[in-house]
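Enquirer: Residue numbers (my numbering), protein chains in the order written: chain A, 8 to 164; chain B, 9 to 137.
Hints are supplied without guarantee of correctness; some may be wrong.
Unchecked claim - Okay, derived cross-link-like pairs now, DSS-like style, lysine-lysine, Cα gap no bigger than 27 angstroms in a straight line:
no., chain 1, residue 1, chain 2, residue 2
1, A, Lys14, A, Lys143
2, B, Lys107, A, Lys18
3, B, Lys28, A, Lys71
4, A, Lys26, B, Lys80
No lab work stands behind these hints, which were simulated from the structure alone.
Okay, here's what each chain looks like letter by letter:
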Amino acid sequence: MGDSKKKELRKIVSDSMEKLAFMFFASDALREPVLFQDAVTAEVTYTGVFSGRLALVMAEPVLKELAANMLGIDSEELELNHLHDALMETVNIICGNWLPIEGGDEAVFHIGSPRVLSPSEAEAVLTGQIPSILEKMSVDEEPCDIYFFRDEADKLA
Amino acid sequence: MGINILIVDDSSVMRTMILKTLRMSGLSLGDVYGASNGVEGLEILSRQWTDLVILDINMPVMNGEDMMIRMKENPETRDIPVIIISTEGSKTRIEGLVKMGATFIRKPFTPEIIRDAINQRLSTGDNHG
Numbered sequence: 008m009g010d011s012k013k014k015e016l017r018k019i020v021s022d023s024m025e026k027l028a029f030m031f032f033a034s035d036a037l038r039e040p041v042l043f044q045d046a047v048t049a050e051v052t053y054t055g056v057f058s059g060r061l062a063l064v065m066a067e068p069v070l071k072e073l074a075a076n077m078l079g080i081d082s083e084e085l086e087l088n089h090l091h092d093a094l095m096e097t098v099n100i101i102c103g104n105w106l107p108i109e110g111g112d113e114a115v116f117h118i119g120s121p122r123v124l125s126p127s128e129a130e131a132v133l134t135g136q137i138p139s140i141l142e143k144m145s146v147d148e149e150p151c152d153i154y155f156f157r158d159e160a161d162k163l164a
Numbered sequence: 009m010g011i012n013i014l015i016v017d018d019s020s021v022m023r024t025m026i027l028k029t030l031r032m033s034g035l036s037l038g039d040v041y042g043a044s045n046g047v048e049g050l051e052i053l054s055r056q057w058t059d060l061v062i063l064d065i066n067m068p069v070m071n072g073e074d075m076m077i078r079m080k081e082n083p084e085t086r087d088i089p090v091i092i093i094s095t096e097g098s099k100t101r102i103e104g105l106v107k108m109g110a111t112f113i114r115k116p117f118t119p120e121i122i123r124d125a126i127n128q129r130l131s132t133g134d135n136h137g
């Protein structure tokens with residue numbers, strides 16, 4: 008997957024975070040990927056003219072700020088379900104905006120329900136194959152990784 | 009009198025975000041109702057006077073497309089303005105919804121986009137009030 012596609016995905020993530028939560032994400036390509044046990048992971052799978060999944064792996068301080076800003080409540084009032092719901096909605100929005108760029112705006116996709124993955128499940132799901140795109144970003148030095156998978160069989164079709 | 013609005017979205021975070029946005033928008037709000045799918049949304053419409061529906065597309069039980077079709081079939085609800093707020097990316101599907109009379113807004117949105125869409129829909133006189 009070329010640099011231009013990575014740049015487009017990065018722009019969608021940046022725009023989404025700014026509109027959803029007034030947060031400004033920047034590329035952080037030189038660091039190692041976030042360890043799954045140090046973060047919260049949510050993913051959505053999609054089917055259509057091709058299929059695959061998109062996942063966000065986000066450090067908890069970033070996620071708390073994201074959820075607090077999205078919901079308009081103080082971060083001390085946040086409960087675990089707020090964090091999970093905010094991350095799932097965010098991954099859903101990013102995937103929904105990304106697929107028309109990847110597949111063209113005439114393409115029809117079905118995006119499944121987002122879900123939170125345990126660290127061990129995230130490890131198994133996201134490291135079992137090579138992602139089409141792995142984009143490393145951060146906000147205030149706290150990391151967030153985006154994994155995009157497009158099934159190999161579909162790419163060859 | 010304020011505007012009565014029904015928000016139909018399966019994400020509680022998104023319903024909260026839309027409500028927060030409505031409160032920030034400066035619109036004169038009446039009652040704001042929430043539903044997590046089309047069936048719940050139609051049930052609320054059957055018993056509460058509603059000036060505007062804000063509707064997601066992809067939801068379990070009954071999606072936004074089917075809810076809008078059911079609204080159009082019912083003389084009591086067919087003229088209620090609908091604003092679709094969704095991640096839907098398919099041009100074909102979006103065009104179909106716009107042809108049915110909906111205004112389409114892609115997530116993520118800004119408060120200004122929501123406010124302008126509501127003002128536009130309510131000022132064109134196509135509501136059932």
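Enquirer: Please go over all the hints and tell whether each is borne out by the structure.
Expert: Going through the hints against the structure:
1. A threshold of 27 angstroms between alpha carbons decides the hint, and for lysine 14(A) with lysine 143(A) the separation of about 11 angstroms falls inside it, so the pair holds.
2. Of the supplied pair hints, the one linking lysine 107(B) and lysine 18(A) is violated, its CA atoms being roughly 30 angstroms apart against a limit of 27 angstroms.
3. Between lysine 28(B) and lysine 71(A), the direct Cα distance comes to roughly 18 angstroms. Compliance with the 27 angstroms bound is thereby established for this hinted pair.
4. Restraint check: the Cα-Cα separation between lysine 26(A) and lysine 80(B) comes to about 32 angstroms, which exceeds 27 angstroms; the hinted pair is violated.
Hint violations for this structure: numbers 2, 4, all remaining hints satisfied.
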